[in-house]
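Work the whole structure out from these sequences, hints included.
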Amino acid sequence: MSATTAEPIRRRGFPLPRRLRSRAAHPYLLIAPAVVLVVVFLLYPVLSVFWESLRHHNLTRPLDDGFAGLDNYRKMLSDGLFWRSLRFTGQWVVVEVGLQFVLGLALALVLNRTFVGRGMARALAFSPWAVSGILTTTIWILLYNPTAGIGHYLASVGVGEYGTSLLSDPGTTFWAVILAELWKGIPFFAILILADLQSVPTELYEAANVDGAGALRKFSAVTWPHIRRAVIVATLLRAVWEFNNVDLLYTMTAGGPADSTTTLPLYVARTAIHDQNFGYGSALTVAAFVVLTFASLVYLRISSMSFEEDK
Amino acid sequence: MSLATRDDAGRTSVTSPPRRPTTGASAARKRRRSRGLTLWLPLALFLLFTLVPMYWMVLFAFRPAGSTSLVPWPITLEHFRTVWEGSGFGIYFRNSIAVAVASLVVSTVIGLLGGYALARLRFRGKNAFMIIMLCTQFVPGAMMLIPLFQVFNTLHLTNSLWSLVIADTVFHLPLSLVLMAGFIRNVPVQLEEAAQADGCGRIRAFCAVVLPLLKPGIVAVGSFAFISAWNNFLFAIMFMSSQDKFTVPVGLSYLLGDFGTDFGALAAGGLIAVVPVIVLFAYVQRFLIQGLSAGAIKG
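As they're listed, the protein sequences go chains V and Y.
When we follow the working numbering, the leftmost residue of the first sequence carries the number 1, and every step to the right adds one.
When we follow the working numbering, the leftmost residue of the second sequence carries the number 1001, and every step to the right adds one.
The set of hints was computed from the structure by calculation and includes no laboratory data.
In this text the structure is predicted, and so the values were computed from the model without any measurement.
We treat Cβ as the ideally placed atom computed from N, Cα and C, and that holds for glycine.
Hints are not guaranteed to be accurate.
As the list claims (entries may be wrong) - Looking from chain Y toward chain V, a few residues come up when the C-beta cut is under 8 angstroms (computed):
1. F1049
2. F1129
3. M1143
4. P1147
5. L1148
6. W1162
7. I1166
8. A1167
9. N1231
10. S1253
11. Y1254
12. G1270
Said to hold, decoys possible - Derived DEER-like restraints, expressed as beta-carbon distance ranges:
13. R229/V with P1212/Y: 56 to 64 angstroms
14. F294/V with A1065/Y: 45 to 53 angstroms
15. S1242/Y with A32/V: 46 to 54 angstroms
Stated by the list, open to error - Below, a sample of chain Y positions facing chain V; criterion: calculated Cβ distance under 7 angstroms:
16. P1042
17. T1050
18. F1123
19. F1233
20. F1287
Quick look at the structure:
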């Protein structure tokens, strides 16, 4: 590609070294705005969290501010809610990503077939992808509400009981929020997988047809090996995203009932927005970073190992 | 979860399996039945799961308070009047539009500049740049609440809509760059070279030849930036402290805060929030698949 930059000049016969040198600066000028924004508003804040986590800093108690050493971390280790939120985060991510993957793959395979009205079906099926977390909450609160929600109508035809409040019973809340998030998350997987399905060469399916392979065999021998890389990337991205997903839980259950749906990032957000305890919130943030990075590395390691074995 | 098992059946048949040559009508009937079971049934279930909740919101938004009918008839606009004037959604809507449009413009311009460098130029540090951009995808919004609040505080930007524009743009930047680079790569280099051979400078060649062909890409990248800024909730609730700076999601969260009272108003607010996004999404969703597909072929 550097040939592109040099050629027109050479053709005209002006191989001026100075001009070339100024050309060498072009790529850096072009990416400069992106770099500046990322450094000032992402890298610097990320680094400053570490320093902040070593301080007492609570907006509601300005007189107590000061250097804290490891106090915040000590408090965290003996904080029962921290450990419970960590466990719930794992549960939330695994269940949510697992179901989204299976159902998203199914949806992608269905939408990859040829049928009348496919474009319309795709647009409709993918539309929740663009809907925000808080809007998802709004929609599902309307569905779940005990007085005029869908449960009320189901009860009137004999399914379930009147006045069931899914979101205040710890036994049902988990599945209620899982279902709402699935509604928004399945399209994400379906979009990514469908994009990859379209790049599977049709000759491979034709060859499989000639060999008399059945549908299952074609999936395992042709489709799956082709989309596996995309699946690994998509599940990781989605796991990170679900880990960080605060909007839905914050607005739907606020982490309740009795903190049973509090993820670690939700705990961070509550500490920041509600308690305004920046020092402790920063320590929780650092913990979340460490957990996330470690889990991602382990996941990549395992999935790339299974990749190598095959080759 | 009965959805799962049924759809699993659907996923197993990607294309219809080859049939042993049986005679005419019965084979056709068999094929039709298998298509019904593996295509239409799962498709119908998925669409039901997607559309019923949306319909529920529309129903509540247009149905008079106290009605229990399953069709929104007679239609009423009273809930919209309640939220638009009573709850301040008129102001929130304007704020949201301002933030989303500004993010769209900034993201698109920076995406064009950086995307061009990534697609067309070779330079030292390109890989490092890409890796850093990818890493930013792992930085959670919730984790940035405290440190970003402090940065904006130092810059006197808290309770200013600019803080939302900046935060939304930064978080969306990696996707803008990668998508834009993909679109630029799809424009043949030869076109640019030809223009340059004809004596155009690089910038003129870009504006005259590449830019017109990039229109779909620009629309797609801009729309995604718009949608992500429009949807952002956490930053808005953290950084905006006065009601005249609230955005639509913040307004919704306050309506949700006192739920149990007015579901009609909540649904109307939700509908106001969803319409711009759905309209844009209907237009850009095919570009999303295309863009990712092109990337998949190369990657």
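Return holds or violated for the Cβ distance of F294/V and A1065/Y against the range 45 to 53 angstroms.
-> holds, 51 angstroms
Per the CB criterion, is F1123/Y less than 7 angstroms away from chain V?
-> holds, 4 angstroms
Restraint satisfaction for P1042/Y [CB to CB of chain V, less than 7 angstroms] | holds, 5 angstroms
Hold the hint about F1049/Y up to the distance rule: shortest CB distance to chain V must be less than 8 angstroms.
-> holds, 7 angstroms
Chain V contact restraint on F1233/Y - CB to CB distance below 7 angstroms = holds, 5 angstroms
Quick one, is the W1162/Y hint okay against chain V at 8 angstroms, beta carbons?
-> It is violated, given that the least Cβ distance between W1162/Y and chain V is near 12 angstroms, above 8 angstroms.
Does S1253/Y meet its interface restraint, that is, does its C-beta lie within less than 8 angstroms of any C-beta in chain V?
-> holds, 5 angstroms
Does I1166/Y meet its interface restraint, that is, does its C-beta lie within less than 8 angstroms of any C-beta in chain V?
-> At about 6 angstroms, which falls below the 8 angstroms cut-off, the nearest Cβ of chain V leaves the hint on I1166/Y intact, so it holds.
Can the hint on T1050/Y be confirmed by a CB-to-CB distance to chain V that is less than 7 angstroms?
-> Cβ of T1050/Y sits 6 angstroms from chain V, so the hint holds.
Close enough to count: is the Cβ of Y1254/Y nearer than 8 angstroms to one in chain V?
-> violated, 10 angstroms
Regarding the hint that L1148/Y lies at the interface with chain V, is the smallest CB-CB distance below 8 angstroms?
-> Status holds, d = 5 angstroms.
If you take the shortest Cβ to Cβ gap from A1167/Y to chain V, is it below 8 angstroms?
-> Because about 7 angstroms separates A1167/Y from the closest Cβ in chain V, which is inside the 8 angstroms limit, the hint holds.
Taken one by one, the earlier hints fail for this structure at numbers 6, 11, 13, 15, 20, listed in ascending order.
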